[in-house]
Structures are given as C-alpha cells and as structure tokens.
Amino acid sequence: MMGDAKDILAESPSLSKIIFRRFWSKWYNKLLLGLLSIMVFITIFADFLANNRPLYCVHQGETHFPVYLEYKQWIFDTPRPDAFLNDDWKSVDYEKAIWPLVAYKSGELDIDNMGFVAPGKGKKSSDNWKPHLLGTDRKGRDVASGMIHGTRVALLIGLIAMFIAFIIGVLLGSMAGYYGDNGIHVSRVRVILNVIAIPWVYFWAYYVRRFALADAAANGPFFFLGELFISLVILFLVFGVAHLLASIIERIPRLGNKKPFPLDSLIMRGIEVVSTMPTIVLVLAVVSIVSQSLFWVMATIGLVGWTGIARLIRGELMRIRELGYIEASRALGFSEIRIMWRHAIPNALGPVLIHTAFGIAAAVLIEAFLSFLGIGSSADMMTWGKLLKQAKGEMEAWWVALFPGGAIFVTVTLFNLIGQGIMSAMNPDEG
Amino acid sequence: MLAYIIRRIWLFFPTLIVISLAIFWLYVNAPYDPAEDELKQEEGEVTFMDRVGYEREYDRIRRKFDLDIPSFYISLNSLSETDTLYKIRGKKYRQTLSRLSYRCGDWTRVAEYKSNLEALEGDLYRMSVDSLTRKPLALLKDHVRDLKKYHDYENLSAVIGKIEERVTLDSAVMGLTPRHESLSTSFENMRSTGAWWNNYIPKLTWNGRNNRYHNWMGGFIFFDFGDSYRGGTVNSYFKGKFQPTLTLSLISLVITFVLSIFLGVISAMYKGRWPDYMISGILFVLYSLPSFWVAIVLVFYFANPNYLHWFPTYGLGDDYNLSWWQAPFLNWNHYILPLICWTYGGLAILTRQVRRSMVQTLNQDFIRTAKAKGLSVWRVAFKHALRNSLIPIITIFGSALPLLIAGSIVLEEIFTIGGMGQLLYRSVAGNPDFPVVFTIIMLMAFVTMLSYLIVDLLYVWADPRVKLTKKQ
Numbered sequence: 001m002m003g004d005a006k007d008i009l010a011e012s013p014s015l016s017k018i019i020f021r022r023f024w025s026k027w028y029n030k031l032l033l034g035l036l037s038i039m040v041f042i043t044i045f046a047d048f049l050a051n052n053r054p055l056y057c058v059h060q061g062e063t064h065f066p067v068y069l070e071y072k073q074w075i076f077d078t079p080r081p082d083a084f085l086n087d088d089w090k091s092v093d094y095e096k097a098i099w100p101l102v103a104y105k106s107g108e109l110d111i112d113n114m115g116f117v118a119p120g121k122g123k124k125s126s127d128n129w130k131p132h133l134l135g136t137d138r139k140g141r142d143v144a145s146g147m148i149h150g151t152r153v154a155l156l157i158g159l160i161a162m163f164i165a166f167i168i169g170v171l172l173g174s175m176a177g178y179y180g181d182n183g184i185h186v187s188r189v190r191v192i193l194n195v196i197a198i199p200w201v202y203f204w205a206y207y208v209r210r211f212a213l214a215d216a217a218a219n220g221p222f223f224f225l226g227e228l229f230i231s232l233v234i235l236f237l238v239f240g241v242a243h244l245l246a247s248i249i250e251r252i253p254r255l256g257n258k259k260p261f262p263l264d265s266l267i268m269r270g271i272e273v274v275s276t277m278p279t280i281v282l283v284l285a286v287v288s289i290v291s292q293s294l295f296w297v298m299a300t301i302g303l304v305g306w307t308g309i310a311r312l313i314r315g316e317l318m319r320i321r322e323l324g325y326i327e328a329s330r331a332l333g334f335s336e337i338r339i340m341w342r343h344a345i346p347n348a349l350g351p352v353l354i355h356t357a358f359g360i361a362a363a364v365l366i367e368a369f370l371s372f373l374g375i376g377s378s379a380d381m382m383t384w385g386k387l388l389k390q391a392k393g394e395m396e397a398w399w400v401a402l403f404p405g406g407a408i409f410v411t412v413t414l415f416n417l418i419g420q421g422i423m424s425a426m427n428p429d430e431g
Numbered sequence: 432m433l434a435y436i437i438r439r440i441w442l443f444f445p446t447l448i449v450i451s452l453a454i455f456w457l458y459v460n461a462p463y464d465p466a467e468d469e470l471k472q473e474e475g476e477v478t479f480m481d482r483v484g485y486e487r488e489y490d491r492i493r494r495k496f497d498l499d500i501p502s503f504y505i506s507l508n509s510l511s512e513t514d515t516l517y518k519i520r521g522k523k524y525r526q527t528l529s530r531l532s533y534r535c536g537d538w539t540r541v542a543e544y545k546s547n548l549e550a551l552e553g554d555l556y557r558m559s560v561d562s563l564t565r566k567p568l569a570l571l572k573d574h575v576r577d578l579k580k581y582h583d584y585e586n587l588s589a590v591i592g593k594i595e596e597r598v599t600l601d602s603a604v605m606g607l608t609p610r611h612e613s614l615s616t617s618f619e620n621m622r623s624t625g626a627w628w629n630n631y632i633p634k635l636t637w638n639g640r641n642n643r644y645h646n647w648m649g650g651f652i653f654f655d656f657g658d659s660y661r662g663g664t665v666n667s668y669f670k671g672k673f674q675p676t677l678t679l680s681l682i683s684l685v686i687t688f689v690l691s692i693f694l695g696v697i698s699a700m701y702k703g704r705w706p707d708y709m710i711s712g713i714l715f716v717l718y719s720l721p722s723f724w725v726a727i728v729l730v731f732y733f734a735n736p737n738y739l740h741w742f743p744t745y746g747l748g749d750d751y752n753l754s755w756w757q758a759p760f761l762n763w764n765h766y767i768l769p770l771i772c773w774t775y776g777g778l779a780i781l782t783r784q785v786r787r788s789m790v791q792t793l794n795q796d797f798i799r800t801a802k803a804k805g806l807s808v809w810r811v812a813f814k815h816a817l818r819n820s821l822i823p824i825i826t827i828f829g830s831a832l833p834l835l836i837a838g839s840i841v842l843e844e845i846f847t848i849g850g851m852g853q854l855l856y857r858s859v860a861g862n863p864d865f866p867v868v869f870t871i872i873m874l875m876a877f878v879t880m881l882s883y884l885i886v887d888l889l890y891v892w893a894d895p896r897v898k899l900t901k902k903q
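Sequence lines, in order, name chains A and B.
When the letters of the first sequence are read in order and numbered with this note's numbering, they come out as residues 1 to 431.
When the letters of the second sequence are read in order and numbered with this note's numbering, they come out as residues 432 to 903.
If we strip away everything but chain A, and leave its shape as in the complex, we get:
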C-alpha cells in the first residue's frame, strides 16, 4: 500500500511545479526570464562591464588585472601598484590592454566632455580615451556607465526591499491567518509577563548597550553584528525568564486557565497602523534623518511595504486551514509549526509571489522617483533617476531622457509582466 502511495506522489508533480511548467510553456514568459537574467548579470558584473580601468593590461612588462585588483583591494586592503597610484588609468601607456565594454566608472567626470555630448561624439582627452557610447550628461559623466550601475541600484533596491517585506509579511500574515483569534490559548499571566518584559528588553538589550552598539557600528559591520548578537541573547534571556516565571505561576490553579489570544486582531491592527504611513514621504523623512544611503531606502520600503503581502497570505491561510488536508495532517500528529511551514504556507505562496513581483516594480519606481528628487543615494553613485533628472528642460539631449526612462519602463514592465504571468499560470481560466 505504502509503495503505491509513494509512486503516485512521485508521478504527480507538486503544485509549484505545475505552475512553473505552465509559466514556462509560454514563449513570452521565457523572454521575460531571459531579460531578467540579463539584468541580474549586469547587476553582478557591473564593475567588469563599466569601469575606468582595463580588465587586463600589460604595463612595463608586468601583467595586471585591475578590476579584479579593485575587489582584492576592497576585501584584503592590499595596496595598489605604484604605477596606478593616482587612479588615473587612462593616461598610462600600456603595452597591451583589454578595456571593459564601457571604459568609465559610475560618476566619473570626463571634464573635457561636459555639457551633454551626444553618443559617439566627444573630444579625445587622454591617450586611452574611449568614446561615450550613450553620450555624457551635464557634468561629463558617461551615460552608458550610469545605465549599467543604475541597473545594479534599481535591481538591488527592488529585490532587497521586497525581500524584507516578504519575510515580515509572510511571517506575520501566516501567523494571523493560521491561528486566527482562537488558535492560540495562553494564560493571562503569560501574556502579562511578556508585556512587562518588553520595557526590560528595551532597557537591557538596547538602552544600556547603546554606546557599545554605536561604537561597534562605527568600527565596522562585523563588530556591529557581534554586539547585536549579544543584544539578541539578552532579549531571549529576558523573554525566557518571563516564560519561566509564567510556567511557575501557572501552577496556581485559577491563574493557569488558558484563554484564546487575539493574535489575528493584534496583527491586523499593526497592519492598519503601518499601511497608514505614506511610504514615499516616510522614506524622504528617514533619509533626511539618518543618512543619504541606499540601505535606508531599502530598509524603509521593506519595513513599510509588507502589509499587502501579510493581508494576502492571511486571507489565503484562513481559507486553507479549513481544508481537509490540514485536518488530515493534524490527525497524523504533525506539529503545528510543521503543518504551517510544510503544508499550509507553500500553498498560499502563489498570490504572494504575484504581489511581490508587482512590489518589486513599485520599489524600482520609488527609487527612480527618489533619485529624481536627488535623495537617497550618495553623490558619486549614478542612478537612472539622477540621469533622468537632467533631462528636465534639456530634451535636446535625448539620450539622457530616453535611455534611463526606457530602462525604468522596461524594468517596471518586466516585473509587472512576470507577476501577470504567474497569475495567469495559476488561474488559467481567468483571462
């Protein structure tokens, strides 16, 4: 008998496989994924595609791989060879050199070609000068290089922000949907003790350690992670003590009575509060408070953007938890966590993936929007929005308007179409 069941399981593909097969069977979806992988490729290898130094060169009989050297220098803090100390790679005589596709770094100024030089034109300013494939902007920065490094910024913002949103949304939404208001039974004592623990956690894990955390953050990310780990240990210790105390007090007969804990209502209130925050305005405020860095843009978009995902997965799980197979797995004696992670959530992920794809598109738009306003990224980092900004009133320099505008359009459409594609793969009947 068991053998039969296993055979059937082996033969019948899982739902996600069916959906993926249906998605893949359309030629235009293949095209979309191809385009996405090109963008991912550009994101990963941006420094090899557009940089101010050769990929490979022979200089005074010595062979160098300058782009690779840059990484090495960044990670191991090794010094640069003497010949290139002043970072002026274009005026060096090379015996042999292979240059990247675009021979300009993001934000690098070509002072002789300031003020919107058209694609392919421009003045040769040094021995190894390369033409600007897509022209230059007002300050003489190469548009093609800006496009390549802008791809990296846009994709990173979209993916990381939505990754944060996805994690928070799935976690909170699935808890709200699966347990509902009556799924968890906790004694009042336990709830009260945990609430009391919160200010103590704030005090011991954050407030007392604020100087240690700040100093570690100034010293580098590894120190900060170390200190953060200690803070987390303290957090778990305090809550652990609260639970321990609760377990002891619960032995007193009347105090141990368990009541349903309104987890769903609580999370829904939280969702309401967060979804009231105006995302763009909040990012503007946060960036002006903390610092002009992409990290805070991503973090803010992620920390505010999870509500849609949480709502969706909550609704799906409310439906799924009533289905027969969940009851069956309960009857088989699986733990609640296992049922949730292995059986309930995977079946609710479809709509969430769609929403995430649309969310990435929205995050790319927000980033373009912010850098158009000149907010959110450091001055030497080129983004599509920053290039586009210069097109205001300078439409004769069509290359500054067309390429970044087109790139934003293509990226946003790409993710929207992927979302659309997953949607129609999931419900093939609904057009």
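Keep in mind that the hints were calculated from the coordinates and are not lab data.
Don't take each hint at face value.
As the list claims (entries may be wrong) - Pairs of lysine to any residue residues, derived as SDA-like cross-links and limited to a Cα-Cα distance of at most 25 Å, are as follows:
#1 Lys523(B) <-> Ala218(A)
#2 Lys392(A) <-> Gly849(B)
#3 Lys392(A) <-> Leu834(B)
#4 Lys634(B) <-> Leu235(A)
#5 Lys522(B) <-> Ile289(A)
#6 Lys26(A) <-> Tyr738(B)
#7 Lys392(A) <-> Glu595(B)
As the list claims (entries may be wrong) - Under 7 Å between C-beta atoms, here's a sample of chain B residues computed to sit facing chain A:
#8 Ile448
#9 Ala461
#10 Val598
#11 Ser719
#12 Leu720
#13 Pro721
#14 Ala837
#15 Val859
#16 Pro863
#17 Val868
#18 Ile872
Keep in mind it's a predicted model, so treat the numbers as computed, not measured.
For glycine and all other residues, C-beta sits at the position ideal for the given N, C-alpha and C.
Chain A is fixed; fit chain B onto it per the hints.
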C-alpha cells in the same frame, strides 16, 4: 450595524495614538537642532557678554521649539544618569556627559565635574583679554572645548594636565589655579568611581504634562502646528498650499473613477476580444511609465515655444481672485498637463479592478435572468452588473487620495505648482525643516486613516453582510 459603526469609530483612536507615537518617535530622533548654530559662534574670539548673548539666544530657540522640556510623559533612564539631560547646552556636550555618566555610574560625581568645568569656562571668558593673556586664554579655551568633546579618561586627563601646565607656568593666568584644582579633584573623583552596576538599574520618571508630545499633539486639535525652523509658524507655510494639491487630486480622482468605470465595463463586456486587449495593453504600458518622465516629456513638447506651445509652462495660473472652484474652469489650460500625469497611473490600476469585478458579476445568475428577460446587453451591464461590481472598488478609494498626494511631490516640482508636494520637497532639502515635514506626515497619516474609516463605513452601507471580524 450600528454596533459595528460605533466599534469601528472607537477603534480609530487607539490606532491614531499608535501612529502619532511612531511619527513622533521619528521626529524626536531627527538630528538637526536649530539652536546648535548659536553655539558654533563661540569658536571665534568672543567676549563674556557675547557668550552670554549666544547662550541666551540658544535657550530662547530651544524654548521656542519645545526642545528644553522632556519628550514624553515618562522617560526611562538608568540610575547612573540624570533625567534632565535635555537642559544641557550643546548636543556634543550632552553626548559627552551621557557617556561619562555611563562610564562613572554616578551622576552626582559627573555633575560635580560638570559644574567645575563650567566654572572654569566662565572664568576664562570673564577674564579681560590683553597682550599678556591673549595667547594663554585662547589655548585654555581650546582645552575646555576639548574637555566638552572627549569622553575617554585618557584624553581627558591629558587635557587636564595641559591646563595644569598652562596655569602653573603662565603667570598671566595663574589666578585660575584654584579653579583648575577643583576641576582636577572632581575629575579624579569621577574617575575613581566605577559604579557600573547603576547602568543596569532602570529608573522611570514621570515628566508631567508639559512635554513635547503633549504640546505637539495638543496643538493639532487647534490647528496650531508650532513654529518652523526657517522662521514663522508652520501654519504660515501651509497657507494656500492645500488648495492646488487638493484640487488637482480631487479632479484627477473623479476623472480616474469615471474613465476607469467606463473602460473597465467595456473591457469586461468584450473580454478576450480586441477592445479588451487594446485597453488592457495601453493601460499596462502607461502604468509602467514613471509619471515624472511623462511630465518632463509633456512639458518639453507641449509647453515649449520651440515646439508646440499649447500649454503654459508652469503654475496653475496666477489669478488669485478666483475661488477654488472657478480656477480649474477659467485656467483650464494650466490644468491639462498636470492632470494627465496625475491621472494615468491610477487609471490602469482601477480599470483592472473594475474589469475583474465586472467579469465576476457578469457570470452570476441574476445577470443571466436579466438577459433572459430580454434587456439589452448594455442596460444589463450598466444598470444591473455595475452596481454590484462597485463594492470592491470602494476599498481602492481609501488608498487613492494619499497616493495622489505622495505623487504630487515630484509633479508639483516639475510643473512648478506651489502645493503640499512642493512644500514637502523643499522642506526636506538642505537643513530639513522638520516641524513642517512631520506635520505633513502626521496630517497625511490622519487623512489616510480617515479615508480608511469612511471606506469601511461605506462598505457596510453598500454590503450589510460585512462584519468587523470578517474584515479582510
């Protein structure tokens, strides 16, 4: 239903309080302090009276922006600290003292050191500057400034040693010896105290009602949002800014709704045929076009004397005598380009929703009945199906207005319209004008909450089956 409505309205307030706390928390942590500039002037060679003037001005500015009172009703500190740190002049100095009290563990010792340091500083500025004292005084002032910056004992003791050297060797400033001695003693006292355990004992203080949060929120009730960092009240910045943004947003909301219902019904009726594909396709493309890009392209080609000068380049027309409802009609040519950019993004989302909900309704039995009665297809669509499909659309309404206002930030900058968006953008730029920024955020959150509330109530009105617990 009445019970539901009352419960829903009652829930409004705790949510509002939580949101206001979250926004206020950001506000308190905003780094720019308008009074700090006053203290920077002390860097130069200043007389005692100058200094008193700067400090008075510093205190005045702090008082004006409620920075000299506690932030909240309660404050949580450790036993080693003072709970009135906000009263100390200078952000850097506050941080230094805070660190020192953390290291020492006993605020009374730090306070003693602090008062000795300030006594020495006062004497330095009070001494008359002549050819003999100029150089040593300048050096000593630098040392004192360093003392206010450093918080590690090694650096501090080195600087105190330098002061000692100066005071004992230079006859011109020898009079400061007692001051230096008491400073040195109090420093050693502080250094020898290592009551680190006090850091781990929390201390809760009740600050009373005179706190920043209470005053800020209390002001909102009377539409008094306090003072701006750039001079004048926050209210004076808002004057005339609501109107253009709200007018544009509301007009574009109406256009979006009318158009999207029309287009959505058509594509639902022709589902799977060319009108459907055409509408969906065009709207899909429009949705992915960033509105600011469309805006600069439109301005360049349709409001440019070199190309087509059909529309004015900026503003909403400067005839201020027109009332808010007259302006859009009489200055219509100013409104067309902004309205296009304001509208098309939302149009795509809403049309999709209308279409989806119409398709679902059109598959239901009562529609078949209506068709069987012999009613015309369009009559069935608009009279019977549309009404039932609109219920899910109501929810979108709630999030539309806040989105439009957020979109106005960049569009108003491009079209040079003096509205809320432009005000917000300009308040964030440079040294941010945080009172204005956070008032706008709070007002936007309030409007959003209010529109969610209205949407929920409308929902009950439209579909009485909805219950609070089942709310999605």
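Going through the hints against the structure:
Of the pairs offered as hints, the one joining Lys523(B) and Ala218(A) holds, with about 17 Å between alpha carbons and a cut-off of 25 Å not exceeded. Distance restraint check for Lys392(A) and Gly849(B): the Cα-Cα separation of roughly 18 Å lies within the 25 Å cut-off, and the hinted pair is therefore satisfied. A C-alpha spacing of about 23 Å is found between Lys392(A) and Leu834(B), which places the hinted pair at or below 25 Å, so the restraint holds. With a CA separation close to 19 Å, the supplied pair Lys634(B) and Leu235(A) stays within the 25 Å bound.
Taking the CA atoms of Lys522(B) and Ile289(A), the gap is near 15 Å; set against the 25 Å cutoff, the hint holds. Restraint check: the Cα-Cα separation between Lys26(A) and Tyr738(B) comes to about 43 Å, which exceeds 25 Å; the hinted pair is violated. Taken as a hint, the Lys392(A) and Glu595(B) pair is broken in the structure, with Cα atoms around 62 Å apart against an allowance of 25 Å. Given hint, Ile448(B) at the interface with chain A, is violated; its Cβ is 10 Å from that chain's nearest Cβ, farther than 7 Å.
Annotation: Ala461(B) was flagged as interfacial toward chain A, and the flag holds, the nearest CB pair being 5 Å apart, inside 7 Å. For Val598(B), the suggested interface contact is broken, since its CB lies about 32 Å from the closest CB of chain A, more than 7 Å. With a cut of 7 Å, the hint placing Ser719(B) at the interface with chain A holds, because the nearest CB-to-CB distance is about 4 Å. A cut of 7 Å between beta carbons decides the hint on Leu720(B): the least distance to chain A is about 6 Å, and the hint holds.
Restraint check, Pro721(B) versus chain A: the minimum CB separation of about 5 Å is within 7 Å; hint holds. About 4 Å separates the beta-carbon of Ala837(B) from the nearest beta-carbon of chain A, less than 7 Å, and the hint is met. With a least beta-carbon distance of about 5 Å to chain A, the hint placing Val859(B) at the interface is held under the 7 Å criterion. Interface hint status for Pro863(B): upheld, as the beta-carbon distance to the closest one in chain A is roughly 5 Å, under 7 Å.
With a cut of 7 Å, the hint placing Val868(B) at the interface with chain A holds, because the nearest CB-to-CB distance is about 6 Å. Below 7 Å, beta-carbon pairs count as interface contacts, and Ile872(B) has one with chain A at about 5 Å; its hint therefore holds.
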